[in-house]
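*Asks:* Please work from the sequences and hints to get the whole structure.
Mind the numbering: the sequence shown is residues 1 to 202 in this note's numbering, read in order.
By construction, these hints were calculated from the structure, which means they are not laboratory data.
You may find that some hints are simply not true.
Stated by the list, open to error - Computed list of lysine-lysine pairs in DSS-like fashion (alpha-carbon distance at most 30 Å, straight line): (1) K178 - K148; (2) K23 - K148; (3) K138 - K177; (4) K148 - K177.
Nothing here was measured: the structure is a model prediction, and the numbers come from that model.
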Amino acid sequence: MSALPQALPNFEHIKRYWDFSRKNFIAKILPGEVYVSRNHELISTLLGSCIAVCMRDKINHIGGMNHFKLPTASGDRQSANNANYGLYAMELLINEIMKNGGNRTSLECHVFGGGRVVTSIKSDIGDKNIAFINRFLKEERIRVIQQKTGGTCALQVYYHPITGHAFSVTLDESRSKKIKEEEQRYVAKINQEIENNGITYF
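*Replies:* Here it is, written out as C-alpha cells:
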C-alpha cells in the first residue's frame, strides 16, 4: 500500500481509505457530495432512489462522481446551490472537471440508481431522477457509455476516473436494510415538505 494520493483542491474533506479487497484507494461520497480526481483511485457510493453520475474527460484523464437525491425543487431557494439536487450536482461535477483541465467536448459518463428499494412506498422519486438525468444528458450532448437505473435493489457503485471503468454491486438484504430505512425517512420528509411548504419536486 502506497501513501494516500493528494486530493484536488476543494475535495480534501472527502473520506478516502485503502480497500484491501479492491487493492486500491477509495473515495467514498455521500448524498449531496461530488468528488473529482486525477489519481488512480476508485470513487464509490451507495444508491437507492438517488442517482450517481460517473463522468470523465476521456482524453485529458480526469473524472469524478456525484450523488444527488432529487432533480430540482420549485419553491425551494436552496436547490439553486445544493448538490443534493441534480441540476446543481451536474453543473458542479462538469465545472470541477473542466476547472482541473477537462474539456467539455470529451466528456462521457455512466449513470446508476433511481431504484425503488422500498416497494411498499408509492413514490416516484427514482423515476423523476431518471427522467431528469436522461433529459439533462441529452440536452448537454454528453455521451452515455452505460446506464443501470430503476429496479428494486440498492447498489454500491465504483468508478475509476482515469480509466473510465464503472461497475455496481447489488447489495444483499442485510446491507440494504439501512438504505431502505433511510429511504422511508426521506420519503416521509419530502411528503411533509410538500404538504407544509408547497414545494414541488420535478
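*Asks:* Could you run down the list of hints and mark each one as holding or not?
*Replies:* Evaluated hints:
1. K178 - K148: Since the Cα atoms of K178 and K148 sit roughly 21 Å apart, the hinted pair holds (cutoff 30 Å).
2. K23 - K148: Status holds; Cα separation ~25 Å.
3. K138 - K177: At roughly 34 Å apart (the allowed maximum being 30 Å), K177 and K138 break the hint.
4. K148 - K177: Answer holds: K148 to K177 is near 21 Å, not above 30 Å.
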